[in-house]
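**Student:** Protein chains in written order, with the numbering used here: chain A, 1 to 363; chain B, 1 to 363; chain W, 1 to 363.
No lab work stands behind these hints, which were simulated from the structure alone.
It is possible that part of the hints are untrue.
Because identical chains cannot be distinguished in the list, a pair is counted as satisfied if it fits within a single copy or across any two copies.
[Said to hold, decoys possible] Listed below are the simulated SDA-like cross-link pairs for lysine to any residue, each with C-alpha atoms no more than 25 Å apart in a straight line:
| no. | residue 1 | residue 2 |
| --- | --- | --- |
| 1 | Lys303 | Arg291 |
| 2 | Lys303 | Arg327 |
| 3 | Lys317 | Ser330 |
| 4 | Lys331 | Asn300 |
| 5 | Lys331 | Leu320 |
| 6 | Lys331 | Glu344 |
| 7 | Lys201 | Ala97 |
| 8 | Lys270 | Asp307 |
| 9 | Lys201 | Val177 |
| 10 | Lys201 | Gly42 |
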Amino acid sequence: MAHSFRAKPAVRLGEIAELIGATLKGDADILIDGIGPLEDAGPGQLSFVSNSRYASLAASCQASALIVPPALEEVSLPCLVCENPYSALARVAQLFAAPSTLPQGVHPSALVGEDVNLGPDIAVGPLVQIGQGSSIGSGTVIFGGAYLGNNVTVGGNCTIYPNASILDDCVIGNRVVIHSGTVIGSDGFGYAQDESGRHLKIPQTGIVQIDDDVEIGANCTIDRATFGRTWIQRGCKIDNLVQIGHNVVIGEHSILISQVGISGSTTVGKHVILAGQVGLVGHINIGDGVRVGAKSGVSNSVKAGQDVSGIPAVPHKEWLRNSAGIRRLSKQREELRQLRMRIERLEQQLSAAPSAPESQEIF
Amino acid sequence: MAHSFRAKPAVRLGEIAELIGATLKGDADILIDGIGPLEDAGPGQLSFVSNSRYASLAASCQASALIVPPALEEVSLPCLVCENPYSALARVAQLFAAPSTLPQGVHPSALVGEDVNLGPDIAVGPLVQIGQGSSIGSGTVIFGGAYLGNNVTVGGNCTIYPNASILDDCVIGNRVVIHSGTVIGSDGFGYAQDESGRHLKIPQTGIVQIDDDVEIGANCTIDRATFGRTWIQRGCKIDNLVQIGHNVVIGEHSILISQVGISGSTTVGKHVILAGQVGLVGHINIGDGVRVGAKSGVSNSVKAGQDVSGIPAVPHKEWLRNSAGIRRLSKQREELRQLRMRIERLEQQLSAAPSAPESQEIF
Amino acid sequence: MAHSFRAKPAVRLGEIAELIGATLKGDADILIDGIGPLEDAGPGQLSFVSNSRYASLAASCQASALIVPPALEEVSLPCLVCENPYSALARVAQLFAAPSTLPQGVHPSALVGEDVNLGPDIAVGPLVQIGQGSSIGSGTVIFGGAYLGNNVTVGGNCTIYPNASILDDCVIGNRVVIHSGTVIGSDGFGYAQDESGRHLKIPQTGIVQIDDDVEIGANCTIDRATFGRTWIQRGCKIDNLVQIGHNVVIGEHSILISQVGISGSTTVGKHVILAGQVGLVGHINIGDGVRVGAKSGVSNSVKAGQDVSGIPAVPHKEWLRNSAGIRRLSKQREELRQLRMRIERLEQQLSAAPSAPESQEIF
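All chains, full assembly: derive it from the sequences and hints.
**Tutor:** Here's what the structure looks like:
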């Protein structure tokens, strides 16, 4: 690639070892200026091996050093030995991530309404709109083109990316990240039908509340509640293009992969994982720790700790069994045909036999 | 929740009874300043019970009054008795909904092109763009950051939310609501393949036409026609993240739930319901009143009045039967095994019998 | 329709014949000012018939001329005869497409950062943001409200539609089209779990690279790589609401229909077709020329040239067989019941027979 990546400052390997609490094997003064995948990393870069399956790749790696688990500490490169290389990587990568820069203060082209409370050390980019009565906590960065309505509350150290929209009255916690194009606080989908089959809108008067440390991907939609709140609890991570209906509650530290859709008033527990393109119907409860397989459609509540899959979703093991059963259908059809032939032969034998009881039925 | 919801003016219970044509049981002078769900509503709020299942919740409700069906008029709280509490609620809720405020007139930061026709009583927010030759009807509200291209026609009393995009030449009726991030009039997906397998773009020269009383959710995409128009007819309600291809026609008062996708040139009748994450292939016809179950994939036309489900979609009852059949597959496999054993035993019995006819086959 | 479509200049039929290399049958001086579908095209318009199925429609068509394949050259209207009418149409339609007009130059309300390199003949619309260090090639058009971050490279003759977002460091080739609301370069979805089940963000330090002649629909999301690049190769056409995860590679001239989702690090070959709402899990390889049926979920790598369908996806023919098998399940259940009855009857016959071997088992 001819283009240059984001600029990164160089750090001593010894410093990195301290940061992640790893045992250093090699020269503490090696300078590291970035991170790279095992196959591509070059001189000056740090790479990592989480799994001994990749031991052979590690041997031929061109990086200046490796983060490895204890099982691989005999690798020929300088290395940082620790229990959870992937988690260590996350922390090291923060060193080299040069987050998008936005000068502190409010860009002169931004439009900030009356009675807006801006904390210290914030950065508000060009053409940002912040409606009256809103409040932005210290250290929060709002990129160009983002829209915040009236009476919106955003906590401290949040990042709101370009062209995101947070509508009136919504409440966002601390260290929340909202990616581009995402809409927080659109109207819930609620109508009452009149006698002639026309749909009468039920005003959506509630809000969306997003708690601390939540990250929400790009082009998601999170509808405001009919009454009360749609509520994304602490530590949830939500991928791109996810739809969350009115009055949904998502418990702490749950993971929603891309293109998931959750209908109104459903509650999702803590530490739940919804894989890609999953759909949940409205008004059900998904217990703590539930995992739902990709593309599943869940139409009933699921008890804590279960893994479910399929349309409609059933326990994951049952789904695997059913899928295997479907793949066997042609074979089974052939088996049925052969059993039928064997029965026919038996019937013929018996009807041919002099004392065959079947012939008695004739009388 | 420590934050305040949208401000609402107080209304006398007697007035509300008149508005919805309900029989008042209790003090007409009770002041109501909002609406709340049965479990959470407190003093000053009106709640509702649509179903006698919730009679026990109603008994312990802290609201100042309830909307109830005739079957529940003996509830201990002051109440408004009417046939359709849910539909009544929709009308009452309008009283307390404080829609986002936007001062009348055109914000000085908005960019309005030449020959734009602006009706009376409109509100155009900050940084809105309206291209040349466009026309906006009276009472329409366009929130900050929305983009309207050239020669766009928007009727009266519409609401266009922040960061929505309506591209050149599209035609929007009256009382239409378009939520944030939605794109109206992106190019249809049309290519002709050349001999080498490269895709040659077919210019999309048509428009999108959206009729009166349509509501379109957040981050939807409605493509312009190749020729002619993509057409969303009167009264349709479309949820978030829905995709509508070029030259699609959606009949009056149809409902499209979140994440539905409709491929090019398909026509959908009136009063159709497409549940969440449904996909329709191109060039088919979905009859009036059809209902398609969540996550279904419809690959053939469906006659009016049918309910269909599954991938590929079949009549809903058949889908239920098939799903039950799949769940029985393991059991059926065991049944097959047992039948085979019984047949084997029969075969052994017959071959062991002196006069067994099977042995005759040898001759 | 009462509204006027996009303005189009008139062209002589003879000129069109030359442009597409067709044989002209009729008056070369007929003036054509637009294109229309067979059913609706009127005087002054050119229509087309790609398939002899539509011969009867062609006979009653009101257009001034038709593009037809050799099999239909006897049609009564003036016509242009060529081998591939659909591909010819694509080229003719370009004549009449009046692309959205945007005056050349940079609109005074646009915000262009320091050290931005703008090529000749570009058009930058109102309220566009271009971050510092970015570069825009000649002839590129960027519509109002689009956001380009810092160090973004956009080639020549691209079109970026309103409210699209291209984030820092991404690299876009020549003749690329990016529709409204699409987000290029949002963070990949990568977290490491700590001991308590909390998710620690892995900084996403890579970029998105989009090569020449790619078109990306509206409200798509293409995540930047964790390291390195997410890479959309030359000539790919991507429909609306498509999600592409970090480090995904899409080979040349592949087609992704609406609402497809591709998880991280998956590679897709050349000339692949992913139909609507398909999902691919992460870390798999989809070979050249593979076609995946609508709504399928692919959980394993697929070899070049295969057609696959289903959840989980299997070879398409196997999927058809399995689907047929599922539809036969009720019938099969009845067959099993009848076989069981026949076996029971045989068992009864044999136990009734004096020399039945089964009775010998008793001893």
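**Student:** May I ask which of the numbered hints given earlier this structure violates, with the numbers listed in increasing order?
**Tutor:** none
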